[in-house]
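Position in the sequence shown (first residue = 1) + 1202 = this note's numbering.
Careful, some of the hints might be misleading.
Stated by the list, open to error - Ranges of calculated distance between the beta carbons of each label pair, as one might list FRET restraints:
hint, residue 1, residue 2, range
1, Thr1261, Val1228, 13 to 23 Å
2, Pro1252, Pro1227, 10 to 20 Å
3, Gln1205, Ser1259, 17 to 27 Å
4, Leu1273, Gln1205, 16 to 26 Å
5, Thr1209, Ala1251, 27 to 37 Å
6, Arg1216, Gly1246, 36 to 46 Å
7, Ala1247, Ala1212, 37 to 47 Å
8, Gly1271, Thr1250, 30 to 40 Å
9, Gln1205, Gly1231, 11 to 21 Å
10, Thr1261, Met1203, 15 to 25 Å
11, Ile1255, Arg1225, 13 to 23 Å
12, Leu1273, Tyr1226, 12 to 22 Å
13, Arg1216, Ala1275, 13 to 23 Å
Simulated from the structure, these hints should not be mistaken for lab results. Just so it is clear, CB atoms sit at the ideal spot from N, CA and C, and this is done for glycine as well.
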Amino acid sequence: MFQDRETAEAWIGRIGASGMLLRYPVDVGVHEWAVASGLFAPRGAHETAPEFIENFSSTRQEHYHYDGGALAAA
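Use the sequences and the hints to build the structure in full.
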């Protein structure tokens, strides 16, 4: 976990990582954050179950894609 994007990008560049960098809310789960922010509304009990919540991610989280340590073109 990094405190800021700049530090994360320095590490990504140094090791040549590929993948996605996501900004996560602090002190709250992503599922709870998305629901409280009005970004996600569960459509049934299965979408409030632990099995769903533990795999939940939101496309509304700030995120960046990297390829070989460099920010990938959008």
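| field | Enumerated hints in conflict with the structure, sorted upward | value | Result: no hint breaks.
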